[in-house]
Amino acid sequence: MSIRLEQLTKSFGGQRVVKSTSLEVRDGEVFVLLGASGSGKSTILRLIAGLSAPDSGRIQLHGRDVTDLPPQERGIGFVFQNYSIFRHMSVAENIEFPLKIRKVAGPERTRRREQLLDLVGLGGLGNRYAHQLSGGQQQRVALARALVHEPSVLLLDEPFGALDVKIRGQLRRNLKEIQRQLGVTAILVTHDQEEAFELADRVGLMERGELLEVGEPEALYARPLTFFGATFLGAGTVLVGRARDGAAQLGALSLPIPPEVEHEEDARVRVLVRPEQVALSAEPPERGVRLLGRGTIVEQSFLGALRRLRVRLPAIPGTRQASPAVYGEESLLVDAVLPAGEDLSGPEVWVSLKGWHILAPPRPRILACDLPDAGSPAPFALLQALEGPLDARISLLSVTDDTDRVEALRASQTERAAAHGLPDAEPVVRRGEPVAEIAAEQVQSLYDFLVLKTPESGPSEVLGGILATLSTPLLAVQEAPASFARILICTAVGEPGKADVRVGGWLARRLGAEVTLLHVLLDGGEPAPWVKAHLDAGLATLRALEVTSRTALRPARTAVQGILDEAKEGDYDLIVLGRHAASRPAAGRSRRHDFTFEILSGSGKSLLIVPPDQ
Amino acid sequence: MIGRRNGAGIPVGLLVLVLLPLILMPIAAVFVFAFRGGPGEFLKALRTEDAQFALRFSLLIAFLTAAINAVLGTWAAYVLAKHRFRGERPLAIAINLPVAIPTVVVGTSLLLLWGPIGLFGKLLAPLGLQPMFTPAGVLLAHLFVTFPYMLGAVKPLLDELEVTYEEAAYTLGAGRWQTFRYVILPALKGGLFSGTLLTFAHSLGEFGATVMVSGNLRLRTQTAPLYIFAQFEAGKVAQANAVAAVLAALSFVIFFFLLRYSGTTGKERT
Chain Y
0 MSIRLEQLTK SFGGQRVVKS TSLEVRDGEV FVLLGASGSG KSTILRLIAG LSAPDSGRIQ
60 LHGRDVTDLP PQERGIGFVF QNYSIFRHMS VAENIEFPLK IRKVAGPERT RRREQLLDLV
120 GLGGLGNRYA HQLSGGQQQR VALARALVHE PSVLLLDEPF GALDVKIRGQ LRRNLKEIQR
180 QLGVTAILVT HDQEEAFELA DRVGLMERGE LLEVGEPEAL YARPLTFFGA TFLGAGTVLV
240 GRARDGAAQL GALSLPIPPE VEHEEDARVR VLVRPEQVAL SAEPPERGVR LLGRGTIVEQ
300 SFLGALRRLR VRLPAIPGTR QASPAVYGEE SLLVDAVLPA GEDLSGPEVW VSLKGWHILA
360 PPRPRILACD LPDAGSPAPF ALLQALEGPL DARISLLSVT DDTDRVEALR ASQTERAAAH
420 GLPDAEPVVR RGEPVAEIAA EQVQSLYDFL VLKTPESGPS EVLGGILATL STPLLAVQEA
480 PASFARILIC TAVGEPGKAD VRVGGWLARR LGAEVTLLHV LLDGGEPAPW VKAHLDAGLA
540 TLRALEVTSR TALRPARTAV QGILDEAKEG DYDLIVLGRH AASRPAAGRS RRHDFTFEIL
600 SGSGKSLLIV PPDQ
Chain C
0 MIGRRNGAGI PVGLLVLVLL PLILMPIAAV FVFAFRGGPG EFLKALRTED AQFALRFSLL
60 IAFLTAAINA VLGTWAAYVL AKHRFRGERP LAIAINLPVA IPTVVVGTSL LLLWGPIGLF
120 GKLLAPLGLQ PMFTPAGVLL AHLFVTFPYM LGAVKPLLDE LEVTYEEAAY TLGAGRWQTF
180 RYVILPALKG GLFSGTLLTF AHSLGEFGAT VMVSGNLRLR TQTAPLYIFA QFEAGKVAQA
240 NAVAAVLAAL SFVIFFFLLR YSGTTGKERT
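Line by line, the protein sequences give chains Y and C.
Just so we're aligned, residue 0 is where the first sequence starts under numbering that gives the first Met the number 0, counting upward by one.
Just so we're aligned, residue 0 is where the second sequence starts under numbering that gives the first Met the number 0, counting upward by one.
Bound-form chain Y, shown alone (with noise of 0.2 Å):
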């Protein structure tokens, strides 16, 4: 191993811009960092050459650990991308300047300058000084000054980032024949995906200070884990279905899932279809071919070899799409490409795939209100119990009608996010009022949770806000418990919702609850046949998903003292309501009398509400 990198992490100012990354890199390996700007790939690059200190971790090159020696100690070698040549020094004397500082002889001094000119192809133009030289020029003096004292390791920080398009390809080849011939171990970081796809051995992609997926760059193509990889790797249509039976469903197509994709039956299920896997006919396809369904070309670009089109489906039940994201867009649109010269007759086509990938399901995300001014400011300890087990990526919103206050807060939360062990909790300020910003955070980003504490004076405006827009299954917390170790699921009231068992099961597994399946007989006597069906479809579900898990029956004169009751013996943590129509208070009724708040009011415990499916 060249490189090897142990759970480096690094925050500036509060923000982690490096959260918890390992890495190898093998020997004579070029490994390209992507990600955008402020991804913390340059940080990632910097602390492997020490001019920046790990808050922790440790970095070993050539299996020497050298977390904490200098830059000059660690034998590396480094091209910035704004190349750095000493200006009062001529290119000769920038390029011996790491022999003359290693006290190498003179005459094997010029020898390996001659050398090293050679090899990047400025042979003859060692008198010039860099004002003399162009921005390649310039670069490959950079690069040859950096492995004229024979690094281990090659570091490279965008080198092609201030190049023009055509000169970028040259070098690219140059420094891709010259590291070969060296056979030094290097590192690139780049936002460029041609670059990375040209240059790397392997490719490790970074979104938000986080290594999200490494492999060579034509697997990562073709079979990314994340959503990030799928959609900031070339072009493609991601769209988001259900699983059922180990297939996705869009609409009435069925997908297989492979088997090395972990699922959930009837989870959300992400399919990534690359331009180059969508089939365009004029005519309907024969039978047995994957047909998405019939649209219209909206948009055509021209591309040289290919062109470039963009089709509009009619939207298909239970199917969302999640890439490419046009706002206020209801039907879907699917990428594909076709050779230039290959004509359809007309607007109207046939949409047939021809290949899929199914991407890894994605972290879970939640959404913790701080509204300290409310009386909610954010269960912190709660949060840490939740973040292990469920894998999940907290952000901490707050909202304030002062613009002067935005930075302060994001900085204050940073820090209390910190000192509560959530370093890499993301704070998210909004600007306005409470109810409408955490209504419109939840829809412009996806969320699988909204965590709201209930203020010691009872369910708040705030909270009666969010219930009325809910579209995540909220959880609102009252006097915290440590972890939820009892799960009362009340499947009672109303039409019989699917989705509360489903989330409230899924919670339950991964913290590893028992589950109660609560019925309520509101007429005493036998349940109806359908509530037994009901009660057994959930438990099948609960068992599914590996999760302990009984039913109970209770009679009771109205379904909240049916649920109060039993989360009074029970000694439940927590409560999964469903939020249906039936359960919302009708107009003109008071807040008192609405049936989530009776529960919240006269159980004290938390409750999580799950939304009905979309």
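Derived by calculation from the structure, the hints in this document are not laboratory data.
Treat the numbers as computed from the prediction; the structure is a model and nothing was measured.
Think of the CB as a built atom: it goes at the ideal place given N, C-alpha and C, for glycine as much as any other residue.
Short, incomplete list of chain Y residues facing chain C, as computed with Cβ under 8 Å: (1) P70; (2) F85; (3) P97; (4) I100; (5) R101.
Fit chain C to the given chain Y structure using the hints.
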């Protein structure tokens, strides 16, 4: 170039007309008056013990001031350019303050601080130390007054250096001192040169602060400008003019170097 443009004749002529009595004629007058009695008289005036001392003392002080401030100013510029900290701007303003304050006021404040009844002076008096009205006091005043010039010449160059310049040197194996010596310092050469010359020139001509802190003691703390003033007051115009002519000539030489050097570095940088 301007003169060759069409229609430039009148404005340029006007400018020269205004500058003539303001700048050019007074300078010429110094030389005219200095040599009115002929070269013999001029040399005689320069050979008096007081004049000799004043000129030598001025040169010595200017040399020391320039040398010390070259080091101090570069160090201060390096610290200011490299580190970002709270109160950076106020500090930068405070350092440049001596340029804005009349030098007489600087002299007065130094007296108030270090003089026999001053804040620090009182503490030093029992030890038999008395920095004011001594050559050391003059040096102190000159260091203080000229400090911003050195900083002003070096800091812009440091600010212009890419941040990665130093880091590049580190990754190539150079230690801190080697980086400073081989990478930073050579890049500052131009600024150091012009800053040192500027400091030297200012020190040579310094009057306001010097007159306050030196006590104007002949053969002990009297610099050339003080000598000129004293001779004028005593009505010995020839004596005054002889030294004035020497000072003016020295300044011309320095000015010439400054112009030449900053001219060429300017070209190199673009």
